[in-house]
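Student: Okay, here's what each chain looks like letter by letter:
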Amino acid sequence: MKLTKNAQATLLLTSYFSKPVKGAAKPLTITEWGRFAHWLYDKKHQPADLLGEEQQDILSRWQDVKATSARISELLARGHSLALAVDKWQRSGLWILTRADEEYPKRLKQKLRNDAPPVLFGCGNKDLLNSGGIAVVGSRNVGDEDLMFTEGLGQKAASSGIGIVSGGARGVDETSMLSAIGAGGNVIGIMADSLLRAATSAKWRNGLIQGNTVLISPFYPEAGFNAGNAMSRNKYIYTLSDAAVVVHSGTKGGTWNGARENIKKQWVPLWIKPTNDTDAGNNVLVSEGAQWCSGNLEELQLESLFTQIADASPQDDMFSLNEPVASSASSSEALTQEELIPATQTNQVSIDFYSLFIQQMQVLAVEPVNIIYITSSLELHKSQVTDWLKRSMEEGHVVKLTNPVRFQWNKGN
Amino acid sequence: MDKVQAEQLLKTALADTTVTFRDGQWEAIDALVNQNQKLLVVQRTGWGKSSVYFISTKIFRDRGMGPTIIVSPLLALMRNQIDSARRLGINAVTINSSNTEECQGVTQSILNDNVDCLLISPEKLANDSFIETVLQPISDRVALMVIDEAHCISDWGHDFRPDYRRIVNIISNLPANTPVLGTTATANNRVVEDIQTQLGEIQIQRGPLIRDSLGLQTNILPDQASRLAWLAQSIPQIRETGIVYALTTRDADQVAAWLRQNNINALSYHGKVTHPDFTFDNGARDSNAYRQYLEEMLLRNDLDVLVATTALGMGYDKPDLGFVFHYQAPGSIVSYYQQVGRAGRGIDNAVGVLLSGREDQDIHDFFRGTAFPAEYQVNEILDVLAGCDGLSVPRLEEQTNLSKGQIEKVLKLLRVENPAPVIKVGSQWRRTPVPYRMDRARIAHLTQQREQEWQEIQNYMEEPNCLMSFLRDALDDDDLTPCGKCENCLNEELISSVVDSRLVHQAAIFLKHAERIIKPRIQVASNAFVEYGFRGNLPEALRAQPGRVLSRWGDAGWGKMVADNKHDNHFSDELVDATVELIQERWQPEDFPTWVCCVPSLNHTELVPNFAQRLAARLGLPFVDAVEKVRVNAPQKAQQNRFHQCRNLDGAFNIEEPVPEGSVFLVDDIVDSGWTLTVLAALLQQAGSGKVYPVALASTSVSD
Chain A
4 MKLTKNAQAT LLLTSYFSKP VKGAAKPLTI TEWGRFAHWL YDKKHQPADL
54 LGEEQQDILS RWQDVKATSA RISELLARGH SLALAVDKWQ RSGLWILTRA
104 DEEYPKRLKQ KLRNDAPPVL FGCGNKDLLN SGGIAVVGSR NVGDEDLMFT
154 EGLGQKAASS GIGIVSGGAR GVDETSMLSA IGAGGNVIGI MADSLLRAAT
204 SAKWRNGLIQ GNTVLISPFY PEAGFNAGNA MSRNKYIYTL SDAAVVVHSG
254 TKGGTWNGAR ENIKKQWVPL WIKPTNDTDA GNNVLVSEGA QWCSGNLEEL
304 QLESLFTQIA DASPQDDMFS LNEPVASSAS SSEALTQEEL IPATQTNQVS
354 IDFYSLFIQQ MQVLAVEPVN IIYITSSLEL HKSQVTDWLK RSMEEGHVVK
404 LTNPVRFQWN KGN
Chain B
132 MDKVQAEQLL KTALADTTVT FRDGQWEAID ALVNQNQKLL VVQRTGWGKS
182 SVYFISTKIF RDRGMGPTII VSPLLALMRN QIDSARRLGI NAVTINSSNT
232 EECQGVTQSI LNDNVDCLLI SPEKLANDSF IETVLQPISD RVALMVIDEA
282 HCISDWGHDF RPDYRRIVNI ISNLPANTPV LGTTATANNR VVEDIQTQLG
332 EIQIQRGPLI RDSLGLQTNI LPDQASRLAW LAQSIPQIRE TGIVYALTTR
382 DADQVAAWLR QNNINALSYH GKVTHPDFTF DNGARDSNAY RQYLEEMLLR
432 NDLDVLVATT ALGMGYDKPD LGFVFHYQAP GSIVSYYQQV GRAGRGIDNA
482 VGVLLSGRED QDIHDFFRGT AFPAEYQVNE ILDVLAGCDG LSVPRLEEQT
532 NLSKGQIEKV LKLLRVENPA PVIKVGSQWR RTPVPYRMDR ARIAHLTQQR
582 EQEWQEIQNY MEEPNCLMSF LRDALDDDDL TPCGKCENCL NEELISSVVD
632 SRLVHQAAIF LKHAERIIKP RIQVASNAFV EYGFRGNLPE ALRAQPGRVL
682 SRWGDAGWGK MVADNKHDNH FSDELVDATV ELIQERWQPE DFPTWVCCVP
732 SLNHTELVPN FAQRLAARLG LPFVDAVEKV RVNAPQKAQQ NRFHQCRNLD
782 GAFNIEEPVP EGSVFLVDDI VDSGWTLTVL AALLQQAGSG KVYPVALAST
832 SVSD
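For the protein sequence lines, the chains are A and B, in the order given. Take the first sequence: its letter number 316 is residue 319 in the numbering used here, and every next letter is one higher. Take the second sequence: its letter number 391 is residue 522 in the numbering used here, and every next letter is one higher.
Among these hints, one or two may not hold up.
Stated by the list, open to error - Here chain B is said to cover these stretches of chain A; the calculated rule only asks that three of the stretch's residues, wherever they fall, bring their Cβ under 8 Å from a Cβ of chain B: (1) 81-89; (2) 203-217.
As the list claims (entries may be wrong) - Looking from chain A toward chain B, a few residues come up when the C-beta cut is under 8 Å (computed): (3) 11; (4) 15; (5) 24; (6) 26; (7) 29; (8) 32; (9) 95; (10) 99; (11) 230; (12) 277.
No wet-lab data here; the hints were simulated from the structure. Every residue gets a Cβ at the ideal spot worked out from N, C-alpha and C, and that includes glycine.
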């Protein structure tokens, strides 16, 4: 698997290839890269152009206080470092995705925009990255009852055909993922550190080899634990999922901050498991806008978690569609919340599911997407989606692209 | 940087205002330093490729860039290159297994940017801890990567090495703004194309391959005795010193010993050669140091001839080498060209004679058949690794019934795959999440390729026209003017192929005296002898004495008769006589045994005892049936590693006491790992016997 020149240039500019060395140029941050990449695009250049004779010419026109031309040239000269590191990673079964790659998770691009990491390292089945699922998060150290709940949740998701998204850390993360893998379910893990080590660990191996697990990390795959990375990893867990369940949160730390960030950004519906632990932050999270879910797994209907309800008991099922909160668009989207899911605002007995579908497609299919992505995102049967797609194309809402077959919202419509 | 400036660097470095670049040298330098190109240079040895990379290095260093990394497959080559770098004022160093003591100092000077050029082996470049500690810290600044003997990259090359696959992965990941130089003297078009495909976007520069001073000849002499005789009578006819190539380490040792017996100053050179004077600080034999000494002996003409395997190969550069003889035929024309091409580089006349015998075919069959591990071995190792978080090789030996050599061969194959199903972390091998199936098609393709190459050598043996043209044609050199120096152009033999029959007779006797020492085993596998209670190193008093084995299974001396007789379930009196002669005339154990016993078998109850009884009678010693087999165990030859070889013997034998007090000959027919003899020697001495001297008829040990 050979990297494209664009991928090589992106990697040279944004990635570490070994432990940070004092005095060496630091790879560009996501923000710095975003700035530079935009400028390149404006100047009608691609990152690959930086690997040819034009490099000096291009950089002579770039001005930035932090991401200086000198720093960028130094980063670009790290060709041997890149080759050694990429060889090692690829041999160990890791792959590398940049934002330009087809397989790069669409949810990250859509929800995080410029904050989506320029490079993702990963191993396992890339196709799972767009399949969503329930994010399960919680502290590293939780009680047995919470762990049992987590384990049951993983198994239940697996048997319902719903994926688990989590962070691979000890405790809730790992338990939810391993129990889902054990039950044959799909799992997306977003690792904050040591991806390379995880890729060769016995615990993930079966899931990875059998194709129902994918582990990714935006960080140097050999990086050790780092609180900052662990914290910034949370946004990827939420944005890759369709709904999130907080099993247990403290009143500070990763789970706490991640959950509040999600409440603020409204990425996905956020559910909190009830707890007897008086030190827990669970209550506060609910008071800030999250909702209780049932602590009783048998009562918990997983599909209902995908829609957020403002004022309802956790036992309510998916047809209690009153007053949802937008769940799938960032604030930078031109669409307002009402436009996203308007049909559900009424309490009419009959809901026009097709128009709901059309409204969803406006967001889902801003960029071309395949049918599997649509079915999994909307939790619908393929036959239903095929039917509606056909109708929406006839009506001119959606256009069909070929090779491979994908569908896109018709902006001119 | 233009040509004049670069040439000035060369003149200054060599303090010689008359030197100029040879054809192609400047073009190559220009491509690297001015255009950051990836370049493959195909030029005959002696063309001066090192000037290209050393002058390029100088230019890059003057620009403030980091060192050049040169990947080179052989120690001999590295030493030569370090010397020629020094002549150009370039500080070149090497880190390899032979200089581990200096390693730390060298590493420090690399990290301090005091090194212009670092030479490493492909194995080093595939070594993760080396990459981590030495290469990664400087890799942000490395200016140029050079791959010497780049034909090794190609599956089609005659000398494909697994570690070169790793190099391909690294080179093909180098971005477009990073220059690379590959060099080779032996690559036909197919190899060049293959290298191009694997490395992508690489430019080719090609020069002519002729070697004017070399006269070629071929002789088919089927039996080893005739070829030994030919060598003994022909080598003294040539004034200069030379090299004799043999296919196996055992043959190299044997030929060297024969030549010495004929007053020719010969020593053998191969991957396992050692000498008691060359050791590491801990007392272990240092093969690299001894090989370096041998190379220098030949360079200084302190030897008449070095009898070598392919371990003395690429890059060994001695300008006044007068001859290269092949005792056995190499596997391909390219490797023949490369080996014979060492002769006559700096002198007007040299001769290359290819002898071929009847065993060559079998040896190459064996090489081809064992080039890749068996699929079941690969699967067994992957299965064991899949169940855990990593295992070391000794732990793998316990959990699989595979020899250390087999395990290492499997791991070596797997680790260079990309992506690879296993990676090494410290001393542990870990399973990656990469699904793996052995690529049977590729293996079949490579094996078929080797067969074709072998056929081409046969064609060379029978070529009626110019032999040099045949070689050049095979290497896709366009100029095929007859050389006028080979036996076919001259229409007469350069060296007579008629051998002295007296010498042939002596050589035949020499071959029958090809006994080897059976080295006593000392360290037992842990947890293997639960019943016998042996642990760690066997105490001195229980160890066997160094024994003797009469032949190698199936060899040209006695080995064929041993194999035939074993099949007929009776060892002939001739073998008894040969063993008696070995014991009485050549071995003469110090504490001469006073009785004889043997290794019992439940399958062939008579074969070995019958032989041992006749041997005892001829030696005038009593035969005592002291050893009893008390447990039916699996065949010892099915045990592939030390742990299983030891455990299979635990509790299998009983000594019938009392045993005589004196030293004893312990007789067996076939010796493989030697553990049966070791265990019985310990049990006999526990029961009160004197020293135990093992004797066997043939060895089947792979390491022979």
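Student: Could you work out which earlier hints the structure fails to respect and list their numbers in ascending sequence?
Tutor: Of the numbered hints, 6, 7, 8, 10, 11 and 12 do not hold.
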